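Chains as they are written, first to last, in this note's numbering: chain A, 281 to 385; chain B, 15 to 697; chain C, 7 to 178.
Source of the hints: derived by calculation from the structure; they are not laboratory data.
What you are looking at is a predicted structure, and each value in this text was computed from that prediction instead of being measured.
Careful: at least some of the hints might be erroneous.
[As the list claims (entries may be wrong)] The calculated lysine-lysine pairs, modelled on DSS-like cross-linking and capped at a C-alpha distance of 27 Å, are:
{"hint": "1", "chain 1": "B", "residue 1": "Lys209", "chain 2": "B", "residue 2": "Lys597"}
{"hint": "2", "chain 1": "B", "residue 1": "Lys498", "chain 2": "B", "residue 2": "Lys635"}
{"hint": "3", "chain 1": "A", "residue 1": "Lys379", "chain 2": "C", "residue 2": "Lys141"}
{"hint": "4", "chain 1": "B", "residue 1": "Lys209", "chain 2": "B", "residue 2": "Lys498"}
{"hint": "5", "chain 1": "A", "residue 1": "Lys379", "chain 2": "C", "residue 2": "Lys32"}
{"hint": "6", "chain 1": "B", "residue 1": "Lys348", "chain 2": "B", "residue 2": "Lys424"}
[Unchecked claim] Selected chain C positions facing chain B (Cβ under 10 Å, derived; list incomplete):
{"hint": "7", "residue": "Val65"}
{"hint": "8", "residue": "Ala69"}
{"hint": "9", "residue": "Gly70"}
{"hint": "10", "residue": "Ala71"}
{"hint": "11", "residue": "Val74"}
{"hint": "12", "residue": "Thr95"}
{"hint": "13", "residue": "Phe98"}
{"hint": "14", "residue": "Val105"}
{"hint": "15", "residue": "Gly108"}
{"hint": "16", "residue": "Leu113"}
{"hint": "17", "residue": "Ala140"}
Virtual Cβ for every residue (Gly too), placed ideally from N, Cα, C.
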Amino acid sequence: MIMDLTVGLNHYLILAAILFAIGVMGVLTRRNILIIFMSVEMMLNSANMTLIAFSHYLENAGGMIFTFFTLTVAAAEVGVGLAIVVTIFRNTESLDVRKLNLLKN
Amino acid sequence: MEHAAEQVHHAADTVAAAAAHAPDLHYAIWLLLFPLIGLVVNGLINRNWPEKLTGWFGSLMIIGSFSVAVSLFMQLLKLDPHHRAVNVTFFNWLNIGGLHLDFAFLIDPLSVVMILVVTGISSLIHIYSIGYMHGDARFRVFFTYLNLFVFFMLILVLGNNYPIMFIGWEGVGLASYLLIGFWWEDMSKAEAGMKAFVVNRIGDFGVLIAMFLMFSHLGTLTFSEVFPAAAQHYAHDLNNAVIVGIGLMLLLGAAGKSAQFPLYVWLPDAMAGPTPVSALIHAATMVTAGVYMIARSSMFYVLAPNAAWVVALIGGFTALFAATIGLRQFDIKKVLAYSTVSQLGYMVMACGVFAFGAGVFHLMTHAFFKALLFLGSGAVIHTMHGGLHHVNDHHTDPQDIRNMGGLRKKIPVTFWTFLLATLAIAGIPGFSGFFSKDEILAYAFMFFKGEGGLTILPYVLGLVAAGLTAFYMFRLVYLTFYGKYKGPEGSEEGLHESPAVMTVPLMILAILAVIGGWVGLPPVLGENLNKMHHWLEPVFAPSFEAVHYHPEHLSMGTEWVLITIAVLTALFGIGLAWMFYIKQGREAKPDSEQTGFAKVLWKKYYLDEIYNAGVIQPLIKTCKFFWHGVDEKVVDGGMVHGSARTVRWGGSVLRTLQTGVVGNYAVLLVIGVVAILLAVYVR
Amino acid sequence: MDAQTIVFAILALISLFSGIMVVTRKNPVHSILFLVLMFFCFAGFYVMLGATFLAAIQVLVYAGAIMVLFLFVVMMLNLRDPEALEGGTSFFQTLGFVVAIGFGIVLLAFLAGKPGPGVPTFPPGEAAYALGDAKSLGQELFHNYVFPFEIAGILLLAAVIGAVALAKRERV
């Protein structure tokens, strides 16, 4: 099926999976909180893509509606998240997540 | 079996008929509410009320209860004698499997006698306490505890099933503990409270086992169901192991609460409490709970004559044993304490020879005269305190009769009331104690006539104990009130009669101690004069019916002979005391000069020492072994600390994962996700 | 090899490349720009999947608003030396790298397996392309999802207030 050169559902899913894994890698390996944040957005988008792909191939609008709400939540999340980043920077003068080790104490 | 079943039906009909005609007695809850109000108000709300208000408030609550009790008595009088058992259900309390228990009262002649005695005597003693406890730092607490006691005592006698009774049973134990150790600043008094509590635990164990046996074999614990069930199953199988077991376990409970041999040891020590407490709890009411329970459980004893025989022997032996100890005590309250043990033995013995009614009758008269004796002794102690205080003497023991003497002139009211009570307990004809004691002895003899052989023992034990009682009580009176004053020089000036709040209850009790027995006149004076007997008869009739127990009544001649023997014995005891302490003018010797058997008696047969060496020390050794050997080494060292060490080691390994850096937790989280996905995939 | 396949291949290559760039660039500004590029590619995919409305939203909200917000923040924080952030590689970073690759492999392994029941193997019909336009999506949204839609509005309001409250400099 992968060898079938006509674009199908699986192609979208594979692409989304790879991008999601790249996002995970970004979250796990980077220390700049902004880039981690961007990686999270990337993961969110690849998830959106699978939803839309399913929605299209199953001819069901549910996935698209879901994506619509995901977008809304993402927008809210980015707003609050960046506010938190700003606050963190104000407190620690850094964007390094290694400085965020308050959990230890 | 058929016959028994018929009887059960009959009993059920009776219950149903009673329910149809029964007046609404739900107001009986006020019996409990009054002391509860007193307890809550004095315990929680009252902060700085003056003594008088606190005391009278507490007393008024009990008087309220007493008036309810009187009203209930009137209500029962109106009913047909065979329908005088009213179950008053307030709410459903427990429904567990086959066990259905209501919070309900059983108002029948027996419980009404008990509540009248309890609330009546309590009222008088509450009022007396206002004077006796005057100036005590915890005056308010004292009245709170007294109300608490009355509350639980009423639950005990009113409950219509064993668990409710047991609640009261434990509650009065608590109140007793609190009140014995009321002056806990004195370590020995606090220890006396603990001793009472611990010894009572042994008895409570017996009651619990008895309840378990009842439930497992009879399936119910409600009085109105469990007795017919027992009759149905075991009426033709006397001395069945189950019923004997129940009987003996209840006896164990009674022995703890009612201070029977060998568990009586706590009662003399309980005299450490304030004297009104000794009078109320440890003479008149709480200690009779065991007798009440045995009388209430009469069915089990008629179905298990062997258990009843043990009851009779224990009771008779206790009566004699405690009386002999009482011969050689010097503490005025200790003499009365052993006298109480002895008299309780009488009551228990009465139950053992199936004279339940006579036992309860004696319970009542004893409550009158023994409460009076204790309150009188309290007044004496109060007076002695005043005298000693007058000369600033704080070393002389105000309770030791060797420091008294000649008080007759100083405190006439106390003396005369005390003397009346002594005549009553000694069994002088006309006084209350005579009638009840005589009835018990008559029943004991009747029992012998029916059974023969060794069954003469209860009668003999009772008779000898009666003689000894007369002796030691008059010894007490002579040493305390006659002769010349032996207290410290000059303290004589400080001896004064107690205030009216104390003497008026004494006088009321004195009247009761004299006439209280007239409700139970013996048959030789005329038919149907024993009102008490007829009043209680319906309670015990079903038990006797179940086994067709109809003892042959004694002939008039025999009765007269028995009465003559009893009176002569009492007079002999009094005469002996008169000869020793008045005619020969003997003085009680100080502690150091005690020798021979007298010393053994003075040391209470060394029973406390024997218990200490035989039970307590081995127990302490065993406990120490478990403490140092098992607990510290194995449990603490191996298990507790061992597991802690294991956890600590595990923690030190796992701690390296806890970097505190958020990103690292994310890595671990994803590892978890991958692991789950892999698990799903592999499947 | 129809035109759609070719477009898909090009967009896929660009988005994979920009994805890798996003997570590897040291300067956050570069990462942002690559992310914007990737989001445009996503919009292209959405168009191909018939989700034209969402493609527009993707460009407006993500590539526009959200990424601009990121840029603002980066400029506002004015990192003098973004490179200094990255120190030596820690054990957990190496572990994270391995785990992420493992994660990807597991995901692909799922997709390489036999498709389960209910998975469509046929190309969708013409109707599928009409699903995602503004009209049908709007009808769906305002007929069946009115309540969630309102909730989403409240969520956004809460986010606005939250963001303001967080980012506001506290008065000392």
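Hint numbers contradicted by this structure
Hints 1, 2, 3, 4, 7, 8, 9, 10, 11, 12, 17 are the ones this structure does not satisfy, whereas the remaining hints hold.
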